[in-house]
Amino acid sequence: MPKHTLDPNKWVDKYADYLFNYAIVRVNDREIANDLVSETFLAGLNSKDNFLGKASERTWLISILKRKVIDYYRRINSQKGKAEVRINYSDDENTGEWLEEQVADDFDRSAEDEMENEELRLAILECLDEINPKHAAIFKMKTIDGADTEAVCNEFKITPSNLWVIIHRARTALAACLEKKWL
Amino acid sequence: MQKSKFFIFDCSNAANCCDKKEYNEANVREKTSIIIHNLFCKKCRDYSAKNSKLTQLIKKARIKGCTSEEKRNIKERLKQEISKQKSSSN
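Chains as they are written, first to last, in the working numbering: chain A, 1 to 183; chain B, 1 to 90.
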């Protein structure tokens, strides 16, 4: 089995989205998820000498992130009881029944669906990690961020016809990969 | 995709329009042409089905990405840390 190596300069481009998706499902807050991802990279960098190369970079980073999520919950649980709980809006901008709005949830969403969605989400990101990095970046911007064609072309300095060729290749590669991993 | 001439498009044009359709960027002429082309071409019919399935899966997954600014911030922090480590090891 080949020995894995670490390349911290590429971590953000390669793994930020994957780690972010992993974190956001667990903490349900964009800002906190971002902080956790950032802390994971820094912790990874500080303990890179402990990396034995037996697992892939991504697996190693995920294991650090898992610890960070646990630490986060330990931290907030230790603050339990200190938080102020408001049962209604305290400002004039928001009106209505706070409680009703907070508990309202999609009636057809179950825990199983959520778990399946998370697995699917990570499978898609893993597959994107396996295709050409430039194609993956363009595909993410166009498909996941929903950027319009002109914005993507300007960002990557490509023509619209190039963009569609790249999108086609990325979609074909992604479909083939997901067929193996998911379907 | 293999190039073979069909009613309006060759297959590569049809695949291109099929991709555009998934992003709601195909015009009426392109949409109609794909339907006609797919009537005659099994390969493109399969590709269209697969392509729609892929779009559905991506929507279902509800992937959330870091924004470019968030990535830039993380990169900056990481860069500073790397240079700090380099300077302390020298």
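Hints listed in this document are in silico derivations from the structure and should not be mistaken for laboratory results. The beta-carbon is built from N, C-alpha and C at its ideal position, and this holds for glycine as well. Watch out, some of these pointers could steer you wrong.
[Said to hold, decoys possible] Below, a list of computed lysine-lysine pairs in the DSS-like style, where the Cα atoms sit at most 30 Å apart:
(1) Lys180/A with Lys10/A
(2) Lys60/B with Lys48/A
(3) Lys181/A with Lys68/A
(4) Lys53/B with Lys42/B
(5) Lys54/A with Lys3/A
(6) Lys71/B with Lys20/B
(7) Lys3/A with Lys59/B
(8) Lys140/A with Lys60/B
(9) Lys20/B with Lys54/A
(10) Lys66/A with Lys181/A
(11) Lys140/A with Lys21/B
(12) Lys60/B with Lys21/B
(13) Lys14/A with Lys64/B
(14) Lys10/A with Lys60/B
(15) Lys66/A with Lys43/B
[As the list claims (entries may be wrong)] Chain A regions said to be covered by chain B (calculated; three or more residues, Cβ under 8 Å):
(16) 51-61
(17) 71-78
(18) 163-176
Contradicted hints - numbers only | Failing hints, ascending: 2, 7, 9, 15, 16, 17.
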